[in-house]
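Chains F and E supply the protein sequences, listed in that same order.
Just so we're aligned: 192 in the numbering used here is position 192 of the first sequence, and the numbers increase by one with no gaps anywhere.
Just so we're aligned: 1204 in the numbering used here is position 204 of the second sequence, and the numbers increase by one with no gaps anywhere.
Hints were generated in silico from the structure; no laboratory data involved.
Where a beta carbon is used, it is the ideal one built from N, C-alpha and C, also for glycine.
A hint or two may mislead.
[As the list claims (entries may be wrong)] Some but not every residue of chain E turned toward chain F, in silico, with C-beta under 8 Å:
id : residue
1  : S1190
2  : L1202
3  : Y1240
4  : S1310
5  : A1316
6  : K1326
7  : A1353
8  : Q1454
9  : A1475
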Amino acid sequence: MILGQLRSSVVAVVVLTVLLGLGYPLAITGVSQVLWSHQANGSTVQRDGRTVGSSLIGQDFGGNPAYFQTRPSASGYDPANTAASNLGPNSKRLSDEILARLRVYLRREQPYDAGLTAADVPADAVTASGSGVDPDISVADARIQARRVAAIRHLPLGTVLRLVSEHTNSSVAGLLGPAAIDVLAVNLALDGLGAR
Amino acid sequence: MTAGGWLEIGALLAVLTALTPLLGGYIDRVFRGDRVLLARVLGPAERRLIGLVAGREPAGQDWKQYATSTLIFSAVCFLALYVILRTQSIHPLNPQGFRSPPWDLAFNTAASFVSNTSWQFYGGETTLSDFSQMAGITVHSFLSAAVGLAVAIAIVRGFANRSGKLLGNFWVDLIRGLLYVLLPLAVVGSLFLVSQGSIQTLAGDLHISTLVGGDQTLALGPVASEKAINVLSSDGGGFYAVNSAMPFEDPTGLTNLLEALMTVLIPAALTSTYGRMVGNRRQGWALYGVMAVMLLGAMAVAYPSESLPSPAMHAAAVNGVNMEGKEQRFAVAGSTLMAVTGTASGDGTTSAALDSFTGLGGSIPMADMMTGEVIFGGVGSGLFGMLLMVLLAVFIAGLMVGRTPEYLGKRIEATEIKLVTLGAIVVPLIVLFMTAWAISTRYGLRSIFNAGPQGFSETLYAYTSQANNNGSAFAGYVGFVQPHAPGNAGATGVTFADLAGGGAMLFGRFVPMLLALAVAGSLSGKRTIVSGAGTMRTDTVIFAALLIATISIVALLTFVPALMLGPLVQALTGRLF
Chain F
1 MILGQLRSSV VAVVVLTVLL GLGYPLAITG VSQVLWSHQA NGSTVQRDGR
51 TVGSSLIGQD FGGNPAYFQT RPSASGYDPA NTAASNLGPN SKRLSDEILA
101 RLRVYLRREQ PYDAGLTAAD VPADAVTASG SGVDPDISVA DARIQARRVA
151 AIRHLPLGTV LRLVSEHTNS SVAGLLGPAA IDVLAVNLAL DGLGAR
Chain E
1001 MTAGGWLEIG ALLAVLTALT PLLGGYIDRV FRGDRVLLAR VLGPAERRLI
1051 GLVAGREPAG QDWKQYATST LIFSAVCFLA LYVILRTQSI HPLNPQGFRS
1101 PPWDLAFNTA ASFVSNTSWQ FYGGETTLSD FSQMAGITVH SFLSAAVGLA
1151 VAIAIVRGFA NRSGKLLGNF WVDLIRGLLY VLLPLAVVGS LFLVSQGSIQ
1201 TLAGDLHIST LVGGDQTLAL GPVASEKAIN VLSSDGGGFY AVNSAMPFED
1251 PTGLTNLLEA LMTVLIPAAL TSTYGRMVGN RRQGWALYGV MAVMLLGAMA
1301 VAYPSESLPS PAMHAAAVNG VNMEGKEQRF AVAGSTLMAV TGTASGDGTT
1351 SAALDSFTGL GGSIPMADMM TGEVIFGGVG SGLFGMLLMV LLAVFIAGLM
1401 VGRTPEYLGK RIEATEIKLV TLGAIVVPLI VLFMTAWAIS TRYGLRSIFN
1451 AGPQGFSETL YAYTSQANNN GSAFAGYVGF VQPHAPGNAG ATGVTFADLA
1501 GGGAMLFGRF VPMLLALAVA GSLSGKRTIV SGAGTMRTDT VIFAALLIAT
1551 ISIVALLTFV PALMLGPLVQ ALTGRLF
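In isolation and in its complexed conformation, chain E is listed as follows (with noise of 0.2 Å):
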């Protein structure tokens, strides 16, 4: 550990507490349909859009309208990728001439990006040409950020709500958010990373001869374009295989910092957008804190374990940091960083191989994913997941001091807390089913590649990974099989791995947002009751405390028996297997 590492992590809390009030604004006016300054620009693009697809004047829709639009609207983007992947050997802009992947691993990976989640069997520059990357990668990295960003601010509509049962028009806030958010964000961010060093361009591989006379392929591609909008949009795709560990995708420990931070930026920006559409920004601010304290906490415990030896080069006799899988760019500090960044966020991003971190720096991004995605977590999903998590603490303090909980003045009754309840055991257990499922079966474990505890941990990160919609990998787990790669031609991959992460993706993806649509729905209109001397205020220190042990408390009781099995064994071991 550097005192150097610790400022840089200091620095990103810094400017994205200071960017959140900013942004938050900004998300709050756009949604609120005023006239930001971009609409001098994009004004009339946004009208004719959203003349052309929602017609001229788009009515409001209640929570089940809303979430039929969503549906239908995700299902036609994912037979648009499915598509796009299954004909790309007839696509122009194909200057290597790749086939077109097999089905399952077309099934999987338009499963990944319709639900926001960028979990990659397959390696960017092996296996998609370049107009799957723009057309297929890139345009659902925006797509589904949209969505869950447009269902997110209709979720926090019900909950603000005095009257009424409308949560705004679908496809209004679909293109709004495309438009104001996040295509200008994307477009600054790339011209930034290129900028830097990221690369941008359709020529295709480049063949050169090195210094010392050995051949080398320079695999280039419209990158920066990609990776701008993926660290956005919590999608977290890589171009390239290695992800942000690749220099042309992560070029210096500055675009770095500025990965880390883009990754969490629009999740934690919503939390002030909420304080705001409710009336009361210190709601706002209490989500943030929960979740800057969380990831606070989460790098400091992972970045004092990487900057520790593994057991593998201790007995070797190698002393220093856990540099395994790691660039020297970056080292421990920047690595562990986007780490961190990368999983609290929905986003997956990573600058690091993270299946060689050491056990307990291999367990902090597992445990972050297992919070359900709530630190931070995706763009919209992540804040109405948290406030799920909010209305579950509510009604804990109210079953201690026995009291009808309530939250912004509305009572959370039976049927919210049903649904809150569904949601907050349906994604664990899905992951621990299909974790159960990959390691009792041949076909299963077909996929793990580390011998000993560390195998099972790639399972269980992989349907962690997958069913909470964040896209990194322990990657030695493997689906489908590099058709391209050195040894493995002709090899077909894991089609139950394919379709197993797959299903995880999608249900994991939809099932919590249509229970917090639901949710929202019920509180749409609910009459407010005046807050009194008795009414337990959820804007204070004292609540936010309670939330992070509500979350916690959760993840661990679902979760520490698996986490024993694999990353914690290993962490409280020497021994190599």
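Isolated chain F (complex conformation) (with noise of 0.2 Å):
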């Protein structure tokens, strides 16, 4: 009985790998790169021909202030590789590490914006991500960034806040999540106004 078991098993196990581990995800493959090949393929974002990104995934605009930042990251930003700090909600060095982000954020922000103190900074600027390339930033922090960016670009607050509002994202109006702002949308429709 046991022979029979381990032969059954056997030829299950080779079936049912190439059923379930070949043939499932090549089909399922096939069907995706035919009907929803811009997602399947990483929603790539293009400019001037040239891949530039993915609108899901945060890249490092590497504190060039005319464009919005997105959230601190404990990978360098690498989606081949990604990571969270991990440290844990005691930890002495994740507090100067927020510590160290939070006087890096003020300093960036404080000359457009003089009455900004650090009980107005939102917890989502200076708390690293869980995957380490969140391509999104909370209202608030889009509110306090735009006015750098409106103030270096030249261009009027009101331009600026309304960019940031249609690339707004609400998953099922809003109920299912926060607003989250996608950074390298806006940043690069901030780059198409200045085009025009």
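Got two chains here, each in a separate frame; can you build the complex from them with the hints?
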């Protein structure tokens, strides 16, 4: 009986590996590439025919003040080696990192918003994301950054805020998750304004 | 906290409650052998597969035969996955040219996916080829879930049987579960995920130059097909190291809710299948009610806890919610919902870094698992784990009123109670023993990342998650160290953690499964007693409350001392470590 069960097991594993390990994922790949090829290939974003990123993956804007900045990353914004900080809630190191990010943030934004204090800085702007490549920032963070971007680009604040709200994603009318601003999309739109 | 957040939680429970009888009824028909609608398409494949594997007329098996098939099949699965991983470098579909993982990591990973755990000491995108992800991880997510499903159905047959000792045929149940339950749901789920932005390609890495001229490498792969079965199968593995925090795995708030729903969907539906199989649907609803109430209770603690700043944020004078390790598109509600459903179910999918949750917030995922994975739990294993707790509750109630305990009209006697008690202590013993071993040895301590009580929490979490076959992690805890990760080149990792964890997963999976099968074997064919005025009903709110109390008290008595040393001490202090 044991030998019979062993034979059944081996046959089952071989056949099911072909069916579920090759047949199923390859069929899904085929259908996806036909029906949703943009999404299936990473929702890439092009400018002047060149791929500059993915609308789902955050990238580093290197502190360039003409751009909105993404959230801090524990992985160096590397989507091929995703990581969170994994630092615990009572971590001294985490606290120091948050404090350092807060200083950088205030140094960057205060010249354009004199009344800005630490208490105004939203949590998402000084905490590292779960993936290291969070593409989004919060509305509060975008409102603060908009002043700087507008000033550097010599644009009316209203224009920048309009772009921000145009690129605000809210899942199912905002019911599932908070409003999230797609940073790459806003920055591309800003560059597009300048070109016009 | 926001009203929207609570609405999201309410929406999940409402949809789940609506789907439970629908899917539960369907699963019941599948395993009764009725001709379901899909049989028109898949009928020929089903017959050919069953013929190929089990012969033309598969015979019914008693519990020992059923258990033998289960164990031999799982052993062959383990070997197959181990070999695929160890020979990764010679397989096709390896666009990044990854080397084969070392033996200790391959052991841990094979144990993990064969035991339906999906604990991952590796980061998928830096370690596994597309072939390993598809023919290895994806396949064994399906197979381990189908094993759990088949065994649960067999156990329920034992509870329901009025005569005879036969529990069905393992191979028939395995293949029916795969073809009619798991595969169709996975196809629908993966296509929906792709439509929302999840990726599905074999193109390998895409190198791009960013807006400010930096380099970025998008690691692409067959993600959606793996993600869908991972959330459905209670396997919960991630294609990427950060699991569903990665936008390619979980692009929007909607997909996050859907994935959270999928983790509890089949375990919830099985309560309804159970009610139908034992001929009293209220029995199923009573179990569902217990699970739903406990899930809501977990959310009611975790969600407010995460909506406050952590002590680390507080010390830096930053206000607002605890966003460290969370994604903006989910924020606190979505992240917590996934953490709670992912740990209450045996799935372990997360869309945030649990290691950075607050002390109290982080103790909830741990407590979810410490109930023995019975709040929905794993596919199949959640149901039979819960049935063991039901027998315990019936026994305790019987002692209190001085009456012979009975369930579904069958006397619960010494044999069953011995098996149930063993089932209730074996997994906690593994957890506590392994945790104690790991924190009292130099090689055990090497896995710890965070300083202070959090280091203990990481260790406790690791063995709780692995022994209960959950798979989520306080991910600072390391075993194998990524060879491609910056600064880690040439590192070999912690062999002890790989082996101890792998052992915990295998024992945690198969010992309770065998005990539950033995209970079913003992109950099968037992003479039923006609219920009278003195019979304690088990389909009432009072019994559900008693069951909740039993589950909670067993878990609390076992684990509160350990929890006090880690997460709870952090919840009580603002001190930094």
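Hints, verified against the model:
A least Cβ separation of about 5 Å between S1190/E and chain F falls short of the 8 Å threshold, and the interface hint therefore holds. With a least beta-carbon distance of about 6 Å to chain F, the hint placing L1202/E at the interface is held under the 8 Å criterion. Because the beta carbon of Y1240/E sits about 5 Å from the nearest beta carbon in chain F, less than 8 Å, this interface hint is met. This hint holds: S1310/E has a C-beta 4 Å from the nearest C-beta of chain F, less than the 8 Å allowed.
With 8 Å as the threshold, the beta carbon of A1316/E comes within range of chain F, its nearest partner Cβ sitting at about 4 Å, so the hint holds. Because the beta carbon of K1326/E sits about 5 Å from the nearest beta carbon in chain F, less than 8 Å, this interface hint is met. Because the closest C-beta pair between A1353/E and chain F is about 3 Å apart, less than 8 Å, the hint holds. This hint holds: Q1454/E has a C-beta 3 Å from the nearest C-beta of chain F, less than the 8 Å allowed.
Nearest Cβ of chain F to the Cβ of A1475/E: about 5 Å, under the 8 Å cut. The hint holds.
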